[in-house]
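Go ahead and model the full structure; you've got the sequences and the hints to work with.
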Amino acid sequence: MENKEKTVRKIANKVRKKYDLKFPADFDNVFKEKGIEITEKSLKRNEDGYSELKKDKLKIVINSDIEYMPRKRFTIAHELGHIFIGWHDDVTICQTDNEYSMHNMLDIQEKEANVFASELLMPTDWVKEKIERYMQQGIDILVNILCELAQTSVMAAFYALENAFSSGNVMIVYMGEATFGKKFVAEKTMEICLRETDFAESCEALSTVRKQYKIGTYQIEYFEFCKCPDKEKFQKRYHENHGNLLPTLMEFSGNNLLSLMHCIKSVLQYVSDKYILCLYKGQTLHLRILSEGVDTIVPYDISMERLEDFCIQNAYYYVSMVIEKNYQIMIVKERVYQDPEYWNRTGTDSKILLNIILKEIYPGEEFKKKRMSISGIIGAANNRRNIESPQQMYDLLYKKMNRPELFEFTGHADYKKFLSVKAYELFQKRMQP
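Residue numbers (numbering that gives the first Met the number 0): 0 to 432.
Watch out, some of these pointers could steer you wrong.
Said to hold, decoys possible - SDA-like cross-link-like pairs, simulated, lysine to any residue; straight-line CA separation at most 25 Å: (1) Lys210 - Glu190; (2) Lys9 - Ser165; (3) Lys210 - Gly137.
As the list claims (entries may be wrong) - Quick list of the computed label-pair ranges, beta carbon to beta carbon: (4) Asp197 - Gly175: 30 to 40 Å; (5) Arg194 - Glu66: 39 to 49 Å; (6) Lys16 - Lys235: 25 to 35 Å; (7) Arg194 - Pro23: 41 to 51 Å; (8) Lys230 - Glu131: 19 to 29 Å; (9) Glu4 - Ile311: 43 to 53 Å; (10) Thr409 - Glu203: 32 to 42 Å; (11) Asn143 - Met320: 40 to 50 Å; (12) Glu4 - Lys230: 17 to 27 Å; (13) Asp124 - Asp197: 30 to 40 Å.
Honestly, the hints are just simulated from the structure, not real lab data.
The structure displayed is predicted, hence computed values, not measured ones.
All C-beta atoms, glycine included, are put in the ideal place defined by N, C-alpha and C.
Here you go:
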C-alpha cells in the first residue's frame, strides 16, 4: 500500500496540472475556481495562518505580520494542502514551523500539509531536473536557483532537495553561529550515526565526499556516500567467493571498507549466512550490526579483546582488519555446523532429507539430474584427506555446493540441516575401522 506522503505528493501534482501552475506558482486561479476566500489579519505571534474547511465556505487567513514573501507563499500552499487533502477537516491552525526546528514536533496533518506545499511549489521531478543540471556547480548555486525560480525560502529548498536527492546524499545545515545542525538525509535507513560520535563526525568518517558551502546566514556541510551494492550482483560474487564475506565487501567498496558501513545492515541481509559485524575505534564499539536471525547474543558494549575470546570459545570464524581513520572492523561468522541431534531427534538420515528438499524444488527429470550432481560433489569432497572434524567436513561441502546451478538448492530452508547431517555421517564413516 502506498504511504500517505506519496499520496499527498500525487495530490499536489494533480493540483499543479489542473490549474496549470507555472514557476513561481500563482494561486489566483485556484482561489477563484475553488471559491476560496483569502484574507490577512494579525494573528498570535506563533501562528502563520489557518484555514476553514466548511463545504459551503472555504477560507484561508494569513498572518498579516509575515513580511517575508517566500514564507507567506509557503503558508498559503500549506493551507491549500489542508483544503485539497481529502482526509483533513474542520479548522486547521498553522503554527509557526520555525525553519530550524525539528519537523517531528508537528502533528501528522501539519506534516502532510508541509509535504503538499513543498511539492506544489517545487515538484520532485522538477527538483531532480535542477539537481542533474546544476549540482556540479555546487549546492549553493543549486539552492539559489531553486529559491529564485520557485520563490521559496532557503530552508524550504533544503527540504525539497532531501526528498529529491538519491540515496547517499546528506546535508547538515547550521544557522549563523549555531552548533546544532539540521540534518537532511536522502535515505532515512542509512546507518550513519556511530555510537559515542556525533552525526557530523560519523558522516566525515563514513562518507566518500565532503564539501562545505555558505548561503547567506546558513553554513552547509555536504556529504556523499557510496551507493549500496546491488543485491543480485553481491549475491553472485559472494557465491563465487565461496561464501567469504570480506573479499566480497572489499570488491564492492573499492578496498575502502569503511565506505560501506552506512548500508552494511542491508548488505548483510543479502546472504543466508549469519554474521555479526562490529566497528571499533580503539577499544570502543561504535557500530554493531547483526544479520537477521543471529542466534548469538553479543553485548553491545563488548570490547574487541572480549569479542575475540568469545569467537575462540564458541568456535566462530572471525576476521579482524585495520581500516583507515583509526577504525578497525571485526566480521564474525556464526557457526553453521550443528550436531544432527540439534537439528533432528527422530533419526532422519541425509538421503531422506535430500530427497525431500529436491522434490520441493525440482520436478521430474530435473530432480534426478540434481541428485546425481549433488552426489558427485559430495563424493569428490569425501575423497579429501585431513578432515579432522564434522565442522571441517561441513565447511568443505559448503564451499563445494556454492555454485550458480545449485542456488535454489542452497537457498532452501532445510539446506543447512541437510549439510550438517551429511557432514556428521561422512565423518562417522571415516572413524570406522
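Between the alpha carbons of Lys9 and Ser165, is the straight-line distance 25 Å or under? Distance of about 19 Å is within 25 Å: holds.
Within 25 to 35 Å or not, the Cβ separation of Lys16 and Lys235? violated, 43 Å
Note whether the CB distance of Asp124 and Asp197 lies within 30 to 40 Å or breaks it. holds, 34 Å
Within 41 to 51 Å: is that where the Cβ-Cβ distance between Arg194 and Pro23 falls? holds, 44 Å
Verdict for Thr409, Glu203 (Cβ pair) under range 32 to 42 Å: Cβ of Thr409 to Cβ of Glu203: about 40 Å, so the range 32 to 42 Å holds.
Regarding Asn143 and Met320, is the given constraint of 40 to 50 Å on their beta-carbon distance met? holds, 44 Å
Does the Cβ pair Asp197, Gly175 satisfy 30 to 40 Å? violated, 19 Å
Does the Cβ distance between Glu4 and Ile311 fall inside 43 to 53 Å? holds, 48 Å
CB of Arg194 to CB of Glu66, is that within 39 to 49 Å? holds, 45 Å
Hey, Lys210 versus Gly137, does the alpha-carbon distance stay inside 25 Å? holds, 9 Å
Distance restraint hint 17 to 27 Å, applied to the beta-carbon atoms of Glu4 and Lys230: holds, 25 Å
Consistency of beta-carbon spacing, Glu131 to Lys230, with hint 19 to 29 Å: Hint holds: Cβ distance 26 Å, inside 19 to 29 Å.
Consistency with the previously given hints fails for numbers 4 and 6, ordered from lowest to highest.
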